[in-house]
Amino acid sequence: MYLHSKHFLDIETLPPEDIVLVLSTARSMKEISARKIKKVPTLRGKTIINLFYEPSTRTRTSFEMAGKRLSADVVNISASTSSVAKGECLKDTAMNLQAMNPDILVIRHSSPGAAHYLARILDCSVINAGDGAHEHPTQAMLDLMTIEEHKGAIAGRNVVIVGDITHSRVARSNIWALGKMGAEVTVVGPKTLMPPRIKELGVEVSYRLEDVIPKADVLMILRIQLERHRQGFFPSLREYAKLFGVNRRRLEGAKPDVLIMHPGPINRGVELEPEVADGPYSVILDQVTNGLAVRMALMYLLLGGGSADRL
Amino acid sequence: MYLHSKHFLDIETLPPEDIVLVLSTARSMKEISARKIKKVPTLRGKTIINLFYEPSTRTRTSFEMAGKRLSADVVNISASTSSVAKGECLKDTAMNLQAMNPDILVIRHSSPGAAHYLARILDCSVINAGDGAHEHPTQAMLDLMTIEEHKGAIAGRNVVIVGDITHSRVARSNIWALGKMGAEVTVVGPKTLMPPRIKELGVEVSYRLEDVIPKADVLMILRIQLERHRQGFFPSLREYAKLFGVNRRRLEGAKPDVLIMHPGPINRGVELEPEVADGPYSVILDQVTNGLAVRMALMYLLLGGGSADRL
Amino acid sequence: MYLHSKHFLDIETLPPEDIVLVLSTARSMKEISARKIKKVPTLRGKTIINLFYEPSTRTRTSFEMAGKRLSADVVNISASTSSVAKGECLKDTAMNLQAMNPDILVIRHSSPGAAHYLARILDCSVINAGDGAHEHPTQAMLDLMTIEEHKGAIAGRNVVIVGDITHSRVARSNIWALGKMGAEVTVVGPKTLMPPRIKELGVEVSYRLEDVIPKADVLMILRIQLERHRQGFFPSLREYAKLFGVNRRRLEGAKPDVLIMHPGPINRGVELEPEVADGPYSVILDQVTNGLAVRMALMYLLLGGGSADRL
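Residue numbers (my numbering), protein chains in the order written: chain A, 151 to 461; chain B, 151 to 461; chain C, 151 to 461.
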């Protein structure tokens with residue numbers, strides 16, 4: 151089995167069999183990171199560029215380590231230290247980087263569609279590491295992997311996504327991913343942070359966390375982006391925490407084996423109570439571990455690797 | 151054949167046979183970047199430091215990839231995150247880095263002569279990646295390589311350099327390089343951006359782009375540094391674009407196979423019209439590809455490699 | 151012989167036999183950096199993360215090169231480009247990094263105890279690269295190595311530490327290290343920069359540099375942190391330089407083979423006269439070279455290497 155595309159841009163158009171292939175490959179990759187010698191020669195002589203227009207420790211580090219554990223050469227470029235400061239447009243930056251013959255360009259950008267645009271103009275593989283409020287497809291893949299690990303199967307599970315649905319690329323990618331894998335998805339959050347036609351994506355909508363907690367197999371809690379708070383999208387962090395913060399008291403109504411997930415970084419005490427974040431139902435750190443595995447799998451598959459090959 | 155010096159500091163004092171050696175080695179190196187496995191063990195166990203006091207995506211990335219494709223260890227240091235913030239002088243920073251036994255120090259600095267100074271005090275090889283308005287010798291090498299690729303030979307070609315000649319290290323290095331290789335060089339730009347005794351370098355001088363376009367085999371267009379604009383060196387970007395911007399209308403008077411070159415990043419619509427930058431005569435991205443090859447060649451040759459050796 | 155702990159956090163609690171083991175291993179490591187191929191496969195497949203909350207060229211570069219020369223994969227994270235900007239706490243950042251299975255986390259942080267804290271919560275090895283005004287244990291190790299190289303033995307040597315003792319983690323680590331190895335330590339500096347109960351650490355205290363120079367085998371000069379000057383800890387840099395600056399005139403009263411040491415970066419003309427910093431008694435650059443060797447030794451030993459193994 152091979153991927154249908156040489157790019158990994160979104161979950162919306164990703165064939166379900168590609169999701170299955172990435173997940174099964176990621177399981178093999180995870181095993182590599184648990185070895186004493188955490189490195190395979192698979193991508194030796196390949197070049198991977200991390201082009202990050204938005205800062206992110208965990209995502210950049212995850213991609214960097216993924217490339218290095220496959221023996222690729224990894225080059226990091228962050229907007230703050232780049233020619234971007236000199237006003238160069240994304241196209242020129244990308245075309246110039248491509249002229250150095252990279253194999254994969256990993257792009258994070260604040261504009262929705264940035265990764266798709268690069269995939270149209272570049273010959274190398276493009277991985278979308280988050281494009282504005284559009285998609286964050288590797289996050290959805292690692293979330294699927296984590297759910298599958300803990301629940302055995304994704305199909306039929308009730309996943310409740312909590313928070314600022316409107317601005318969340320994590321929510322958007324997960325809605326597509328979970329839907330394709332047969333999960334039931336509910337989104338819950340304040341009305342001001344709920345996109346008007348969200349139901350068309352096949353999800354249930356709620357505005358009261360208490361109403362939907364009881365049925366949840368998974369609570370996927372989104373990060374509240376404090377910078378948006380300042381822009382007036384919601385009145386008060388305290389009020390948000392009071393109505394939508396996930397805490398022990400609220401979890402009393404939950405299933406005994408509910409999974410607590412969060413893409414990080416957590417605003418402790420806002421969207422998630424520290425005791426819950428660090429509690430027995432939290433799989434937040436598993437998500438990070440699986441993120442590395444998923445990114446290794448994607449790099450391997452995008453550069454022509456197949457499910458039958460031995461690592 | 152071997153290089154005459156263990157440093158690569160300027161074109162002004164570079165023997166022409168060294169230029170020829172770098173160009174021929176760079177052709178071999180270019181082939182490596184086109185392979186499926188873009189990596190040779192040539193510089194395994196060597197350490198290369200990129201010490202950049204001025205930001206630059208493309209040049210830093212080019213040197214970083216060059217080192218990695220030769221299997222060297224590459225360490226990046228940028229002024230903003232370094233002890234420079236603590237007020238350490240260049241000499242102390244360089245002496246300290248040398249104490250860690252690097253093999254090559256690549257230096258970009260805003261002071262003319264910075265690379266020469268380091269070459270005098272350090273034992274390791276020094277590559278000048280741009281020193282103020284003085285020289286940018288690897289840029290000139292990649293420009294020569296690009297012209298040779300497209301024109302077969304450099305000798306006898308008419309090269310017109312357009313723009314801010316006074317402040318351009320790219321212009322200065324190319325004037326030396328093209329002269330040594332037998333090209334005819336014309337510089338053209340506003341009087342306020344033309345150094346007073348420029349003719350002593352053996353170039354023709356013009357102040358009207360239209361006058362010199364017809365004879366050009368190569369149009370080498372310099373970047374207008376917008377920050378200088380603010381300092382009052384020229385009155386208006388619109389006026390500059392009107393008089394010296396290279397556009398399709400102006401190219402109607404050009405030779406049918408004129409090469410369009412630019413060191414990047416481009417100010418689209420100022421010194422270069424987008425349609426020309428992306429048009430059929432543009433070899434701007436070839437310059438980037440060749441830059442990587444030239445830097446690989448230099449690293450290899452400076453550390454003792456010769457033309458007879460097999461890669 | 152093996153280290154007693156899998157972390158390297160401070161000198162205060164370090165068994166003297168571990169100091170001896172690190173020093174002897176560092177001597178073997180130093181030889182590697184002098185080879186033509188400065189790289190051994192010892193830590194291939196290991197991942198080392200440099201997590202720096204305070205900027206430092208030399209220390210970060212030293213750890214980075216140490217890891218690379220042992221063939222480890224090294225990932226740099228600096229606070230300015232990390233999620234720290236998003237307000238994530240140290241614990242969450244560290245736990246997330248650990249979820250990617252690193253082998254060693256090198257941490258520099260402005261809070262005393264930061265490294266100890268991480269060692270308590272993480273499974274991977276932690277190296278303290280400086281925690282506030284508490285300790286900088288790898289600096290003390292490289293200082294010991296440098297003294298031993300030049301003086302044959304540390305025991306019985308008179309070491310005079312000059313400067314801002316109160317705020318110096320370098321002083322603190324060296325006081326412990328030198329004491330454990332049998333040296334006599336004197337601290338000298340202005341009263342305002344001398345901790346009240348410093349004598350309890352077993353050192354002699356002086357407030358006049360002239361009084362203690364004659365007996366010194368080693369003058370260890372601390373960096374004056376100019377930012378503290380602004381906070382009013384001492385009245386005038388000129389006055390400090392006059393009373394405690396080490397210069398040629400003052401050294402007339404010194405032993406003929408006194409060693410001049412400084413952790414860098416130097417404020418030339420403040421705590422140290424340029425002629426002395428660059429003079430025949432200065433071993434400041436040896437300290438840098440030895441720093442790399444000590445860090446290679448630590449990485450090797452912390453990951454299970456022993457004195458009997460061949461590199």
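The hints are simulated quantities; they were obtained by calculation from the structure and are not laboratory data.
Hints are not guaranteed to be accurate.
One copy or two, it doesn't matter: identical chains are merged, so the pair holds either way.
20 Å max Cα-Cα, derived DMTMM-like pairs, lysine to aspartate or glutamate [said to hold, decoys possible]:
{"#": "1", "residue 1": "K188", "residue 2": "D273"}
{"#": "2", "residue 1": "K241", "residue 2": "E423"}
{"#": "3", "residue 1": "K405", "residue 2": "D428"}
Here's how the hints hold up against the structure:
1. K188 with D273: between (30 Å within a copy, 16 Å between copies)
2. K241 with E423: Answer is between; shortest inter-copy Cα gap is 15 Å, intra-copy 42 Å.
3. K405 with D428: within (18 Å within a copy, 59 Å between copies)
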